[in-house]
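Colleague: Spelled out, the chains give:
2 protein chains.
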Amino acid sequence: MHKKLIVQKFGGSSVANVERIQNVAKRVVSYRKQGYNLVVVVSALGDTTDELITLANKINADASEREMDMLLSTGEQISVALLAMAIHKLGEEAISFTGAQVGIITDDSHTRARIIKINADKIREELKKGKIIIVAGFQGVTLTQDITTLGRGGSDLTAVALAKELHADECEIYTDVEGIFTTDPRVEPKARKIDWITYDEMLEMASLGAQVMQARSIEVAKKFNVPIHVRSSFSDKTGTMIVKEVKRMEEVVVNAITLNRNEAKITICNVPDKPGVAAKIFKDLASAGVNVDMIVQNVSHLRQTDISFTISKAEASKAIKLTKKASKQIEAGEVLEDEDIARVSIVGVGMKSHSGVAAGMFDTLAKNKINIEMISTSDISISCIIKNTQAEAAVRSLHERFGLAK
Amino acid sequence: MHKKLIVQKFGGSSVANVERIQNVAKRVVSYRKQGYNLVVVVSALGDTTDELITLANKINADASEREMDMLLSTGEQISVALLAMAIHKLGEEAISFTGAQVGIITDDSHTRARIIKINADKIREELKKGKIIIVAGFQGVTLTQDITTLGRGGSDLTAVALAKELHADECEIYTDVEGIFTTDPRVEPKARKIDWITYDEMLEMASLGAQVMQARSIEVAKKFNVPIHVRSSFSDKTGTMIVKEVKRMEEVVVNAITLNRNEAKITICNVPDKPGVAAKIFKDLASAGVNVDMIVQNVSHLRQTDISFTISKAEASKAIKLTKKASKQIEAGEVLEDEDIARVSIVGVGMKSHSGVAAGMFDTLAKNKINIEMISTSDISISCIIKNTQAEAAVRSLHERFGLAK
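Quick mapping for you: the protein sequence lines, in order, are chains L and E. Per our numbering, residue -14 is the first one in the first sequence, and the count goes up by one each step. Per our numbering, residue -14 is the first one in the second sequence, and the count goes up by one each step.
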């Protein structure tokens, strides 16, 4: 009989101390006793990664990325060994592996490596022997045996990639929340856990600031159609399933509201309406490594226009310096900065086939006396930049308007 | 021109914190600037290994040895990454490696693995590029890619084995003392640093309780004639050279006095003088994993004899239980235990060709009213078990008698 194979991923908060490691072991063993084959991916214990970064910074603030990977990959190696020991203690067979040992081959872009392929023979072999496989998340190895890491949230990617490679029946992502919510429950207590959501909606939400899962791992899941189950490591409740297509009885137009308060807005006034002018500004920002998010340029009057864009607050001072310089060079006017903004977005695949959704959003905000400073739309989302002080009111009114509390 | 290659090994206390890591980096770089090729072997930071063992014990007091190796090997991996970063900071090129990455292949005896071979091509390649090579001590990898560790003090072994494999001109072992002393300076302030000592003498000292270097690594150095320099990581003074043969102007008979206070003595009285009786006792102890050190049995009277032996204090209670049981089975008499003993030994290759050395030792102890409870001799050492309270007086009088202070 074919036994179901589940890949389970536990984040750092799920293995933050001895007791939590023991709880994860109990959960894994309870699945084992139900007859599942299991591959368990684990992140570093609690704040280990941050502690190692602090230590490295004391020695060399500009540490080599290769050595950083060498250092940070130890965090997950500690977790997998300890989890294997905890499972042994409960009487089940388990064996731990580093990324290198299970053949997670990556390119050599240290600290943000991409997986090239997985040689999972070792895992298949040990699964056949009836063992629970524990794999260090977040890490891989180059073809020349250098240790690499996959970037923040990389353990999600390890889990999804292994689920794909091993044709797992499901990939469970354990986290400290119960799943994906219609909006942040700290902002809107009526927020409701979403049972099913599509990869596209989840990707959109991740790019709009929802931090439950790493965007790259959702992309991989989408590409290979790996069913994902996001759920809490502190409860047994079903969480949110992320899948290709959600068959809903009634089409839902808006599925979630996201809120991002980590952005700042920069506006360049009186930009000459000439070809190549916008390119100049954004090329300068790009070469300095500043990630620009929303860009809005309106039709011009008197051969002049205003260009606004948002960037992460962390990069604001760098961006403003560069923009002021560029503004002079292109003979534009004043450069304004506003850190007191928030981005509120509505997300849903249903928008594609429904008109009037944008109007509904703007109307709701207007009725609540919330002024819209910038608008940006995609196939399945609409975002508005508003004053930060009005962010919570905006989320709550939109949550109500699109019937998300049910 | 052939550049000299030196293998340098730094123990845990030499890299216990950020400042000490920076000091090690400075020393390594100063050698580099003198034109040496360098392979640097590092242990885990300070107490990291013990902390990881404590953590593992909380989860599973009977942890699998494979998982223990997986866990403990992270300690050295952290050290090598940090040391590489510290060397980069000083402007030199360096690259760190795990034991697995530099092809230290071992058998699968986890926690006490033996090195089978070293595929050092990677090291040679990076040395050619002019890099300083930093290697994680204490660890290796099996042919099936399982991580192993080499046992306590295993970093010494890594250093010596690499020095052999790479035909290094010297293997420097950095420690927190200035070299090998004629005796423990805390016991005899007149103790003098020994400039040259033979592998055999060093091995004898290690087996008699001197803890400067791991015995296995000295055996390997002897086998392949690797010159070792034991010296302090806190000073620039020359330490002790360990070599095959020491050409001394005048033959030194006794080279060092060692003292071991970690043993306990067990005596079985009235053992029947029959074949197989001693075998029974020591077979029982061996199967329980108790290491017996000295064994003394005298000629028998009335077909009975007393057998005394020493074991490590840590194993005393286990040993006494087993011995009492065995004593009943072989119909012997009372079993006596004495933890209040010390073993004082004199060591020197010169003994081989000099008579009267033992007499000199016994005479000196007698003159100082120190009673000898057991005697044991080897080719190059003589050990006496005496009362612990007289241990220091014994060491000092022997140090004087054999002219070690000079």
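Simulated from the structure, these hints should not be mistaken for lab results. Please read all numbers here as calculations on a predicted model, not as lab measurements. Please note that the accuracy of each hint is not assured.
In this list, chains with the same sequence are indistinguishable; a pair is considered to hold if it fits within one copy or across any two.
The list that follows gives simulated cross-link-like pairs (lysine to any residue, SDA-like), each with its CA atoms no further than 20 Å apart [to be verified]:
(1) K354 to D291
(2) K372 to T183
(3) K11 to L40
(4) K102 to F209
(5) K107 to T127
(6) K107 to T129
(7) K74 to V162
(8) K74 to L40
Colleague: Decide, hint by hint, whether the structure agrees.
Modeller: Against the structure, the hints:
In this assembly of identical chains, the alpha carbons of K354 and D291 never lie at most 20 Å apart, being 24 Å within a copy and 101 Å across copies at closest. Taking identical chains as interchangeable, the C-alpha atoms of K372 and T183 are never at most 20 Å apart, the minima being 30 Å within one chain and 79 Å between chains. In the homo-oligomer, the alpha carbons of K11 and L40 lie at most 20 Å apart only across protomers (18 Å), although the nearest pairing inside one protomer, at 33 Å, exceeds that limit. Taking CA atoms no more than 20 Å apart as the test, K102 paired with F209 passes inside one copy only; the shortest distance there is 14 Å, against 42 Å between copies.
Taking the closest pair of Cα atoms, K107 and T127 come within 20 Å of each other both inside a single copy (17 Å) and across two copies (14 Å). Taking the shortest alpha-carbon separations for K107 and T129, both the intra-copy value of 19 Å and the inter-copy value of 10 Å come in at or below 20 Å. For the identical chains of this complex, K74 and V162 are neighbours neither inside a copy (28 Å) nor across copies (41 Å), given an alpha-carbon limit of 20 Å. Taking CA atoms no more than 20 Å apart as the test, K74 paired with L40 passes between copies only; the shortest distance there is 14 Å, against 33 Å inside one copy.
In this structure, the earlier hints numbered 1, 2 and 7 are contradicted, and the remaining ones agree with it.
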